[in-house]
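The listed protein sequences derive, respectively, from chains A and V. Numbers given in the working numbering equal positions in the first sequence, counted from 1, plus 25. Numbers given in the working numbering equal positions in the second sequence, counted from 1, plus 132.
Hints are computed from structural coordinates only; laboratory data are not their basis. A hint or two may mislead.
Straight-line C-alpha distance at most 27 Å; calculated DSSO-like pairs for lysine-lysine [to be verified]:
hint, chain 1, residue 1, chain 2, residue 2
1, A, Lys144, A, Lys103
2, V, Lys304, A, Lys38
3, A, Lys129, V, Lys193
4, V, Lys162, V, Lys203
5, A, Lys30, V, Lys162
6, V, Lys194, A, Lys129
7, V, Lys141, A, Lys77
8, V, Lys203, A, Lys143
9, A, Lys43, A, Lys251
10, V, Lys304, V, Lys162
11, A, Lys230, A, Lys251
12, V, Lys304, A, Lys154
13, V, Lys262, A, Lys33
14, A, Lys38, A, Lys51
15, A, Lys33, V, Lys274
16, V, Lys141, V, Lys203
17, V, Lys262, A, Lys103
18, A, Lys140, V, Lys359
Please read these numbers as outputs of a predicted model, since none were measured by experiment.
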Amino acid sequence: MLIIKGLKKKFNKNSVLKNINFEVNKGDRIAIIGPSGCGKSTLLRCINLLEKPSEGSIIFNNTNLLDKSVELNVIREKIGMVFQQFNLFNNLTVLENIILAPTKLGLISKSDAVKEAKKLLKQFDLYDKLNNYPRELSGGQKQRVAIIRTLIMNPDMILFDEPTSALDPEMVLEVEDLIKTIADENMTMIVVSHEMNFIKNIATKVIFMIDGEIVEIGDPDTIFNKPKDERLKKFINLTNK
Amino acid sequence: MSEYFSWIKDTFYYSLIYDDRYKYIFIGLKNTILIALFAVILGVVIGILVALIRNYYDNNKKLIILNFISKSYVNIIRGTPVILQLMIIYYVIFKSVDINILFVGIIAFGINSGAYVSEIIRAGINSIDKGQMEAGYSLGLKYGQVMRFIVLPQAIRNILPALGNEFITLLKETSVGAYIGIIELTKASDIIASRTYDYFFPLIIIAIIYLIMTLGLTKLVNLLERKLDNVNY
């Protein structure tokens, strides 16, 4: 579904990503871990081209996203993204936030979008917030709305950029539970997170990065229990404390 | 004391009543308002265009030439006196064209205002968190849709009061139009004074009229600001 080859990203002269290679297959749930500043978020943002890679290729459903002829907005419909800071549209209510993109892009009619949005809000226990504005919601509620906003697009894959890092501890679980529910429905996803227990719970594959490079890729059991790389061992020890 | 009163009575009479001179004030007021109003409308149209071109360039590194033109326009307008711009437009650009001088004023002040308005709108757009745009893009929306449905509705809260202030500035600035012979308020008082050889009364009168307009508008802008603060987002 997604093949990343020789991906490099420089900010000015500063190399943030150095030769990143990996593949994502349908149904994979990939977690990217690593110390702060290792390039995890940049990598994620490169995948839907919120950051423009300096070199390499990103092949999504057989299309190289770095081709000039690619209609980026059409591709992005299929790659959902959930942000650390939620980024709900402040001028719109919960319902409007959810239905804006699918209706304005002409994917579904407004009445169908409203129906679908209400269904999702009911399913995830947010129905009573339908007409509230983002500033009236808790962090956990905002993030759950943000996730529903990507779900209604019916994406092939969702990118989670530290979805619980900006949340108060007591709200982390409600968001993780929601992501878990989506994971159980076999959604393909890439998650950048510091919540190791959560990653162990949902990931099918874990990527460990340091200094813009992938140091180790493996299934969660190998990465967390039998890490090979010294730096990974150190990182795992630190996060277990 | 009674001498003093009779002087006031006389100067009032000769400045305003005699020969229907108050009509100059009315004409001047009408022209001042007309120029300011249409110039600010033109300024807003130009300003939005320039702001969007520059913002689009900042985000996508496209429209390089248009961006260069826009940037130069803003720099030139903001870097030269408005009276000079007015003279260039009247004496150079419209030199050989028979054209209503009010129209020249509207064009000149509109072009001038556009540069300032574009900066107001740009600042308004830049005040909106970048994450709002990114979230829009990540859902597949295009630049125009992101602007229209997400960024501008939020930016307008910061833009509107500043636009009100720009209108107030412009209202006062139109007095420069007297220089090329537009009969706006200042010129009107000048005409009256040139008949009576008494500057005191005509100048005080238009000063009061300017003040009433600007203070009134300032009140409105403040009211608008408070209204916008109560918006639900």
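Results for each hint:
| no. | hint | in the structure |
| --- | --- | --- |
| 1 | A:Lys144 x A:Lys103 | holds (21 Å) |
| 2 | V:Lys304 x A:Lys38 | violated (50 Å) |
| 3 | A:Lys129 x V:Lys193 | holds (25 Å) |
| 4 | V:Lys162 x V:Lys203 | violated (34 Å) |
| 5 | A:Lys30 x V:Lys162 | violated (68 Å) |
| 6 | V:Lys194 x A:Lys129 | holds (24 Å) |
| 7 | V:Lys141 x A:Lys77 | violated (76 Å) |
| 8 | V:Lys203 x A:Lys143 | violated (46 Å) |
| 9 | A:Lys43 x A:Lys251 | holds (25 Å) |
| 10 | V:Lys304 x V:Lys162 | holds (14 Å) |
| 11 | A:Lys230 x A:Lys251 | holds (14 Å) |
| 12 | V:Lys304 x A:Lys154 | violated (48 Å) |
| 13 | V:Lys262 x A:Lys33 | holds (23 Å) |
| 14 | A:Lys38 x A:Lys51 | violated (35 Å) |
| 15 | A:Lys33 x V:Lys274 | holds (26 Å) |
| 16 | V:Lys141 x V:Lys203 | violated (54 Å) |
| 17 | V:Lys262 x A:Lys103 | holds (22 Å) |
| 18 | A:Lys140 x V:Lys359 | violated (33 Å) |
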